[in-house]
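Two chains, two separate frames, one set of hints: put the complex together.
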Amino acid sequence: VRAWGLRARLLLAFVLLGVITTVAVSGTSYVLARDAVLVKTQDVAVVELTDQIAKLYPRLTLPPSQADLTLWAGALSDREDSALIVHGGQSSGNTLEVATIPAELRQKVASGYVGWQRLSLDGAPVLVIGTRLGVTPKNGAPRLTDVEVYSARSLLPEQQSIDRLATNAWRLGVLSVALAALLALLAARGVLRPVRELGAAAHRLGEGDLGARAQVGGSDELADVARTFNTTAESLEKHVGELRRMESDARRFVADVSHELRTPLAAMTAVADVLDEEAPNLSGDAATAARLVSQETHNLTRLVNDLVEISRFDSGTAALVFDEVDVAEVVRATLRVRGWSDEVQTDLPPGVLARLDPRRLDVVLANLIGNAVRHGTPPVSVVLSAEPDQLTIEVADRGPGLRPAVLPQVFDRFYKADGARTRSEGSGLGLAIAWENVRLHGGVLVADNRPDGGAVFTLRLPRRLEAER
Amino acid sequence: MRVPLVITVVLLAAGCGVRPSGVITGLQAPTVEVPVSGFYLVSQGKATLVVRPDDTRSALDLLADGPSAGELSLGFTTEIPPGTKMTPVPQGVEVSTDVTALSAVAVDQIVCTATTPGSAAVTLVSTGKSRGPLTCP
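Just so you know, the protein sequences line up as chains A and B, in that order. The numbering used here runs 14 ahead of the 1-based position in the first sequence. The numbering used here runs 9 ahead of the 1-based position in the second sequence.
Here chain B stands alone, though its shape is the one from the complex (with noise of 0.2 Å):
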């Protein structure tokens, strides 16, 4: 009769106050809105976002004109070669150069930046040659 009431008063006992818990999930990353382009720069070995909140140019130029002395400095490079163009089309990107002769972080870096909301799959096109329809990974 007396030992579950002992047992039961010590867990009450140990119940009480806040005491630590496990991990409790929530729902999704919460993300940040941003009304300026994002674009795609190679930081070991990988296509990763850029952001200049104070740059408003279009993404595929940004793109073209490469890192900043202050990207470079924190160990950001690009791999498309320099002096390439690249211009929007209804099916993806036409660049300017040889597209079969781009490696292929320069490719996650061309399909990443230009993919948008609306779009599956990005085709990248140049005289003659074509790689694609491709995904941002």
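Isolated chain A, as found in the complex (with noise of 0.2 Å):
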């Protein structure tokens, strides 16, 4: 999950939506409704005023006693409104007083308007109304005296029903954040669900799965992008089965080649031999071009075996053939059949019993001794060790070792280690085989420089005899 993944983007999109639509929904038609609530119980406490002001006349003394304020005061004030009567410097109220008019009121209603104004005494809002007294006469026009009138109302009432709209308001917008949310993660799911397969999918493939393929659905752009995907995949899909087969077929066809060679070389070889033999018979260049066919027919036999040995791995038709066998005695073995005895010096502890084919582990040896043999510069060592389940065997030689841009490729078919030396006695396949070998046999095969010195090929092998305990 990330910070700003789809999902978190497409979340904070639609949940911005619907607080932005909510607030201006909501806030408009609650400013609405709380100014038409206001303004309608204003007005009517305005109009109940001046209703009640019209019948003070059995009442109205001019100029009035102090007795006469308190009367009025009495007449207009009822359970929601408290009334005050300022004449001059007298007045009569029973909870509002004079202090508590603001002076902007006082003015406004000194110019011969009502005036009324909210105000919030003690915390609670509390509507003020304000007029001057007129009075019309039977004989006059009408005239404005000094009593001024004012009148206060509490607007909890109004408070309490525009707070509900507030908090209906507020349920609103939390329901609409929720219900947006909801919409969000269900559309983020609807887009990452596709773009996971294409993810797993190109995972797959690129693992190396190439029947990997996306589903396709719907008709969107992703869609389009899956369909694409698998057009890629099926295209890849052909040409690297293409690929393998040509290159199956080629590995095939050096298998047949090999093998066709077998029979005629084994006649020429037979022929050879014989030239070989009545070599010191003929004179001159007859000798040579006798001497040069036999030795090239041997390295063509050579190549001929090294070619069907290694199409062999390659098809997976080689085979260990496993013996119970002590790895010294196999070593000795072969450093006598191949007479480097003398040269090599060894350092084989004996009873390192291990199971094995001795037929393939004397190639490998005899490739690795001989090429240190050949190209090193002695003394070449031969050194086993063993451990419970695997044991070691050390091929080094005190030459001037192999360039490290050779390393890496030592083991390939045909790779010369040694530019200059473009004809030798080697087919270019020894290492190669040596290594399938002992891949074969589930081991290591791994060249290196000796730090003082000299290439040190490790041969590690495991010795398989749990499986016969």
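Worth flagging that the hints you see were computed from the coordinates, not collected in a lab. Ideal Cβ positions, reconstructed from N, Cα and C, are used throughout, including at glycine. One should not assume that every hint holds.
Here are the in silico distance ranges between beta carbons for each label pair [to be verified]:
| id | chain 1 | residue 1 | chain 2 | residue 2 | range |
| --- | --- | --- | --- | --- | --- |
| 1 | B | Gly84 | A | Ala124 | 32 to 38 Å |
| 2 | B | Ser105 | A | Val53 | 34 to 40 Å |
| 3 | A | Val53 | B | Gly127 | 35 to 41 Å |
| 4 | B | Gly84 | A | Lys54 | 42 to 48 Å |
| 5 | A | Pro72 | B | Gly84 | 20 to 26 Å |
| 6 | B | Gly127 | A | Asp57 | 31 to 37 Å |
| 7 | B | Gly79 | A | Pro156 | 22 to 28 Å |
| 8 | A | Ala124 | B | Gly137 | 39 to 45 Å |
| 9 | B | Gly127 | A | Pro171 | 45 to 51 Å |
| 10 | B | Gln100 | A | Pro72 | 33 to 39 Å |
| 11 | B | Gly79 | A | Val53 | 42 to 48 Å |
Sample of chain B residues with no beta-carbon within 12 Å of chain A, all distances over it, derived [claimed, not checked]:
| id | residue |
| --- | --- |
| 12 | Asp74 |
| 13 | Glu80 |
| 14 | Thr125 |
| 15 | Ser139 |
Given below as structure tokens:
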């Protein structure tokens, strides 16, 4: 789960949209509803007050005494409203006080108009309405008197209903945000699932499963991508298959050619041997030619045998013939048969038993030791060491060693470590065959240079003794 | 992206509930219709309307009579000379004393008391003399 993945971005966008829409819609309707409630309440209160004032007549005496002011204040007050009458320096009221009335409102009232204002008294909203008292006597025109009438009314009920509006708006907001989040998650799932499937298919393809395909569903852009992916994977599978077929054709061709060459080569070897034996009796150039033919026939035979051997590895028909042997004995036999016993220093502890194919081990050792003897500088050493489950044979020489650039390719087929040596008695397949043999045993063959000079080939093989116990 | 949102929310939160307002202006002040006559006495040097809800005499008679004991105790006086008689005539009021000798406030008292919704101005006349036409301030 990524912090700023598709899911998070979709979620943020949807929630923001939900919040903005809700704030705009709920906020606007809240403000409109609140203003409507307040305006209606205020207008009703103003009308009620002016109606009450009009009914003052039987008690209306001008100039009013303090008792008259008290009388009027009582007449204009009821359960909801609390009146205050101000005349010059005198005033009368029960809860409302002159000091509470803002100067602005008094100024407005003094100018002859009805004025009102919402105040916050001790934290509670209060509406204060004020007006001067006008009188129209029977004989004259309307005349404003110096009497000011104020009336206060609590707006707590209105505040409560407005608070309910706000609560509802918040609830609606939370609900719409939750809904937006839900929709965002659904949308993200719709997008992310195909992406994840596509990713999994690409991963499988990368791991080498050329048959990996993405599921194509729908007709959106993602389906297009999946379709393109499938087409690409199909064409890749086709091309890789073709390459593999071509490679196996080539290998089979080499195997077939090598096999076909064996029979004529056997005949040629026989003839060449005869020629070789007769060479001392031949004169000059003929003798040289006879020896050359014999030599090259033997080289060719070895090359063809190596090719046949390696094509067996390629085709998987090479098999191990296991035998429990004393490894030191196998090494000694190899040295003895090749005639290297005197040239090679050995450290072969007795009693290292292992289950392996002695013929193939001989091939590997002959190749490694032969290379060391031919291309390295004496003394060549063969050291055997053993652990409970594996054995190690190190073949080392004191020559210049292998160039670092050569090391990774030293087991490649027909790879010549010595560039100047274009023609050699080796087929160029010796180390490749040795490597394949070791691999067949489940072992490892490593080429390296010793710190104090000289190449060292390290051969590690499993001993496979526990299988019998 | 987030700053305007926060500001909006803060503004909305601040705009919640019933807030104090400025002064809202309504209609002109209401008047109480009184079925009795009103007349003008002097209070703090100005002609001021006086209404006696249970006195049904005509306005000029009430003015000629002067302030009652209650009105006197509230600081109301008259500047009309005692014994002056006033009678309505078509152009205004006929006064039994010399109108040119009346003080300005006394003239206001008479003019305001005599002004009716139908009359634009009032002229005070006495034998051979007149003041006006005048209007109630």
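A quick look at each hint next to the structure:
A hinted range of 32 to 38 Å for the beta carbons of B/Gly84 and A/Ala124 is inconsistent with their spacing of about 21 Å. For the hinted restraint 34 to 40 Å between B/Ser105 and A/Val53, the CB-CB distance of approximately 57 Å leaves it violated. At roughly 39 Å, the beta carbons of A/Val53 and B/Gly127 sit within the given window of 35 to 41 Å. Taken as a hint, the range 42 to 48 Å holds for the pair B/Gly84 and A/Lys54, whose Cβ atoms sit roughly 43 Å apart.
Roughly 25 Å separates the CB atoms of A/Pro72 and B/Gly84, a value that falls within the hinted 20 to 26 Å. Checked against the given bound of 31 to 37 Å, the beta carbons of B/Gly127 and A/Asp57, roughly 34 Å apart, stay inside it. Taking the beta carbon of each, B/Gly79 and A/Pro156 are about 25 Å apart, inside 22 to 28 Å as hinted. Taken as a hint, the range 39 to 45 Å holds for the pair A/Ala124 and B/Gly137, whose Cβ atoms sit roughly 44 Å apart.
Here the CB-CB span from B/Gly127 to A/Pro171 is close to 48 Å, well matched to the stated 45 to 51 Å. The hint said 33 to 39 Å for the Cβ distance between B/Gln100 and A/Pro72, and at roughly 36 Å that hint holds. Checked against the hint of 42 to 48 Å, the C-beta distance between B/Gly79 and A/Val53 comes to roughly 43 Å, which is consistent with it. Listed as a non-interface residue, B/Asp74 keeps its Cβ farther than 12 Å from every Cβ of chain A; the least gap is roughly 15 Å.
A beta-carbon of chain A comes within 12 Å of the beta-carbon of B/Glu80; the shortest separation is about 7 Å. For B/Thr125, the requirement that its beta carbon stay farther than 12 Å from each beta carbon of chain A is not met, with the minimum near 6 Å. No Cβ of chain A approaches the Cβ of B/Ser139 within 12 Å, the least distance being about 22 Å, so the stated non-interface status holds.
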